[in-house]
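Heads up: the protein sequence lines correspond to chains A and B, in order. For the first sequence, counting from 1, position 346 maps to 347 in this note's numbering; every step adds exactly one. For the second sequence, counting from 1, position 140 maps to 141 in this note's numbering; every step adds exactly one.
Don't take every hint at face value.
[As the list claims (entries may be wrong)] One side of the interface only, derived from the structure: several residues of chain B facing chain A at Cβ under 8 Å:
hint, residue
1, Leu-13
2, Val-37
3, Val-43
4, Gly-213
5, Phe-280
6, Asn-283
7, Thr-286
8, Arg-388
[What the hints assert, rightly or not] Simulated crosslink set (SDA-like; lysine to any residue; CA at most 20 Å straight-line):
hint, chain 1, residue 1, chain 2, residue 2
9, B, Lys-115, B, Ile-142
10, B, Lys-59, A, Pro-44
11, B, Lys-293, A, Gly-356
12, B, Lys-174, B, Leu-33
13, A, Lys-293, B, Ala-319
14, B, Lys-200, B, Ala-415
15, B, Lys-293, A, Thr-308
16, A, Lys-115, A, Lys-167
17, A, Lys-293, B, Asn-304
18, A, Lys-293, B, Asp-387
19, B, Lys-293, A, Thr-358
20, A, Lys-293, B, Asp-355
21, B, Lys-268, B, Gly-244
22, A, Lys-361, B, Ala-319
23, B, Lys-293, A, Gly-290
24, A, Lys-115, A, Thr-125
25, B, Lys-293, A, Asp-387
26, A, Lys-59, B, Thr-11
27, A, Lys-59, B, Ala-48
28, B, Lys-59, A, Val-114
29, A, Lys-268, B, Ser-305
30, B, Lys-59, A, Ala-48
31, B, Lys-293, A, Val-363
32, A, Lys-167, A, Arg-54
33, B, Lys-59, A, Glu-47
34, B, Lys-361, A, Gly-290
35, A, Lys-59, B, Asn-304
36, A, Lys-293, B, Gly-357
37, A, Lys-174, A, Trp-128
38, A, Lys-268, B, Asn-304
39, A, Lys-293, B, Val-363
40, A, Lys-293, B, Ser-305
Worth flagging that the hints you see were computed from the coordinates, not collected in a lab. Virtual Cβ for every residue (Gly too), placed ideally from N, Cα, C.
There are 2 protein chains.
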Amino acid sequence: MRVEIINTGTELMLGGTVNTHLAFIARELFPLGLRVQRQVTVPDGEAIRDAVRDTFGKADIVLVTGGLGPTTDDLTRDIVAELLGLKLEHDEEIWLAIQERFRRRALKMSERVKLQALRPREATVLWNPHGTAPGLHFPAISEMGTPHIFLLPGPPRELMPMVREKLVPILAKLLPPGAVHEWRNFRVLGIGESLVEEKVGEELIAMGLEVGYCARPGEVDVRLIGTVPVLDRAEALVRERLGKWIFTSDERELPNVVVEKLTALGKTIATAESCTGGFIANQLTNVPGASKVFLAGYVTYANSAKTAALGVDAALIAANGAVSEPVARQMAEGALENTGANFALATTGIAGPDGGTAEKPVGTVFVALAVRGAVTLVQHHRFPTDRETFKSLVSQTALDLLLRQLDGRDTAPAETFSPGDGGCGGQA
Amino acid sequence: MRVEIINTGTELMLGGTVNTHLAFIARELFPLGLRVQRQVTVPDGEAIRDAVRDTFGKADIVLVTGGLGPTTDDLTRDIVAELLGLKLEHDEEIWLAIQERFRRRALKMSERVKLQALRPREATVLWNPHGTAPGLHFPAISEMGTPHIFLLPGPPRELMPMVREKLVPILAKLLPPGAVHEWRNFRVLGIGESLVEEKVGEELIAMGLEVGYCARPGEVDVRLIGTVPVLDRAEALVRERLGKWIFTSDERELPNVVVEKLTALGKTIATAESCTGGFIANQLTNVPGASKVFLAGYVTYANSAKTAALGVDAALIAANGAVSEPVARQMAEGALENTGANFALATTGIAGPDGGTAEKPVGTVFVALAVRGAVTLVQHHRFPTDRETFKSLVSQTALDLLLRQLDGRDTAPAETFSPGDGGCGGQA
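Please work from the sequences and hints to get the whole structure.
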């Protein structure tokens, strides 16, 4: 099945908005065995007509995003119906749903809103609980050589649930039996992409699986697609070889895994950050419900703040420098002491671009984990990269250290890490 | 001049990488008066041939990114030369530059690298100081109806400088005289898009300017394009009507403006965050050189931390709740006291999704600015949105309050704010 995506929106052509639709949709279709063969972006309006017509005879499934709103430049619905020779009619059920939505939110409704309740009777409605305009599915018309055409809303918060909850189940039914494979995802931290591939790659491919790697800064995703019995054998292999590096076997991000683990264990955490400047606290507090486990964070950028807020010995800083093993240790222990938390993470390093020396170049960092009633762990790393990636890598290293402690996995520092420039690729 | 962009790369079709090229290139071409009319993404390999051929007769300028590397799937150079009937030849100057680059970085060179030194003599080289493969410019061939074709590298750190330093100057020369206009940008905070448009929109358009608005959560960009004398008159109007909301008239982000202003004034800042959870500290410390002005941040999520770290009166919390005007005030004043900073910002609110009450619904927030030797300012806002947008809007409000204080602008709370769902648009 050949899939094409058409993204519509003048704002995309002006550069104010980055188009994330292709990346999101491609990931969601991947487990179905579907690959996007072409994606086109056009402005609102008549350009949509050519883009849709261009897919006739070339694609089996066409996903069009955007242009379903109530304003005069929202023409996708009209253009597609016209191309297919179908008549738009008022749909009372859609209209009631739209009115109900406006009523619930006490919003004023303009006359044009009613246009969003139009659909040809041949099209199936994809209900949109997150916005006004529903999606529409125009089935393929074989005598015309037209593909299945899906009209989807443009705003990501409407598009994403519609793709997951409505589009993917419909596509799964359109595919020939046996085409839908299961998939599994393993997210690893503390080991680089090439080493991951070396440890499991050949054997997984020999099992007949489709194998995809996605290398992000500091982490690698290993995605396996195939039938359940083969996946079961593959999972056993992956867990045996990569177990100590796997932080989750679902889609969750590291901060979510950490907060949910702490919540399940009824444990609390505090942070004492220098070089990460609040990045770790911010990551943790992005997780809904973080307030149950996150007690407090200190961002002690100035040396005086390290002493005043965390009780780091000023003489120790003078003797070793603020970026040093004993200072990281005292920062973590100070945060543990101050807050009464079960765990405290500390970071001190040189984010750059300035501040490096021959002995401690830019990218040098010490990460400490203080554990109530146990010995404090301190790791030394070097991440020579840009300032924001540095903060992200250090945060990841710190949260990974904590998670290894919580999971009872090996807490020794990683020997390799993913620079994250490998992008995503796959082999079948 | 009709511009099309072709992005090549299998990784873009698999969803692991978000395509930022269109947004970046569109912004860079905007001041030239050039608008992208169509953008296509295709996988590496033969699909590039169709995509390039499709532009013949339809576009005047075609920008192709990616596929210039040394691996077997890097075919852009070969395909385009073949389509135009041009012969690739070894270019000794390119080859010397490549060898020099490998020597300087002490990298091992594979035989295939030499392929990157191929070019037809009809094409102009765009030198690439940030990578191996140079860009190429194939001038339009009028008898064939082919456009100007530019081959550009895929990695953003190579693409971005090449677009700015090489592509834009060449395009400026290709444009008819008078087509290149100047442009000015004004970034405003604390006022919604529709109000901005109401205050200046009609008059700016009457002046004959091209006017673009870009509404992001909390902020609006007003971009004006035209000739210098008209822009001068327009700028006077914009400053008169919108002056109290303009935080910068260049491309800088708010945290950069704040850090640079504090640096210039020799002043220091501390933060005391509850609901923003370290977001503000993280934003400030993302700015290189932040350590000169940012002394320390407290992320006091738990009530006990507010008392222990910032000296907030526990009875005050019990009487008013942690999300209240007096608690915000004491948090800011506590941070000022602890750190000796000139300014301290504090936030306390309900980020959601849980924790709201009838009296203090999700989105309620108090923002305080303590000023050494002056009275503390406290503002009450409500931002009912998702957790991460909430943190971002509160951070913006806090930094804006500080910047208004530093600039001597009105510090009264905004009456409207941009929900940021207007996207970017323009009118000429």
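Against the structure, the hints come out as follows:
| no. | hint | in the structure |
| --- | --- | --- |
| 1 | Leu-13 | holds (7 Å) |
| 2 | Val-37 | holds (5 Å) |
| 3 | Val-43 | holds (6 Å) |
| 4 | Gly-213 | holds (7 Å) |
| 5 | Phe-280 | holds (5 Å) |
| 6 | Asn-283 | holds (4 Å) |
| 7 | Thr-286 | holds (3 Å) |
| 8 | Arg-388 | holds (6 Å) |
| 9 | B/Lys-115 / B/Ile-142 | violated (28 Å) |
| 10 | B/Lys-59 / A/Pro-44 | holds (16 Å) |
| 11 | B/Lys-293 / A/Gly-356 | holds (12 Å) |
| 12 | B/Lys-174 / B/Leu-33 | holds (10 Å) |
| 13 | A/Lys-293 / B/Ala-319 | holds (19 Å) |
| 14 | B/Lys-200 / B/Ala-415 | holds (15 Å) |
| 15 | B/Lys-293 / A/Thr-308 | holds (18 Å) |
| 16 | A/Lys-115 / A/Lys-167 | violated (23 Å) |
| 17 | A/Lys-293 / B/Asn-304 | holds (12 Å) |
| 18 | A/Lys-293 / B/Asp-387 | holds (19 Å) |
| 19 | B/Lys-293 / A/Thr-358 | holds (18 Å) |
| 20 | A/Lys-293 / B/Asp-355 | holds (12 Å) |
| 21 | B/Lys-268 / B/Gly-244 | violated (24 Å) |
| 22 | A/Lys-361 / B/Ala-319 | violated (47 Å) |
| 23 | B/Lys-293 / A/Gly-290 | violated (34 Å) |
| 24 | A/Lys-115 / A/Thr-125 | holds (18 Å) |
| 25 | B/Lys-293 / A/Asp-387 | holds (19 Å) |
| 26 | A/Lys-59 / B/Thr-11 | holds (19 Å) |
| 27 | A/Lys-59 / B/Ala-48 | holds (13 Å) |
| 28 | B/Lys-59 / A/Val-114 | violated (35 Å) |
| 29 | A/Lys-268 / B/Ser-305 | holds (16 Å) |
| 30 | B/Lys-59 / A/Ala-48 | holds (12 Å) |
| 31 | B/Lys-293 / A/Val-363 | holds (17 Å) |
| 32 | A/Lys-167 / A/Arg-54 | violated (24 Å) |
| 33 | B/Lys-59 / A/Glu-47 | holds (15 Å) |
| 34 | B/Lys-361 / A/Gly-290 | holds (18 Å) |
| 35 | A/Lys-59 / B/Asn-304 | violated (61 Å) |
| 36 | A/Lys-293 / B/Gly-357 | holds (15 Å) |
| 37 | A/Lys-174 / A/Trp-128 | holds (18 Å) |
| 38 | A/Lys-268 / B/Asn-304 | holds (17 Å) |
| 39 | A/Lys-293 / B/Val-363 | holds (17 Å) |
| 40 | A/Lys-293 / B/Ser-305 | holds (13 Å) |
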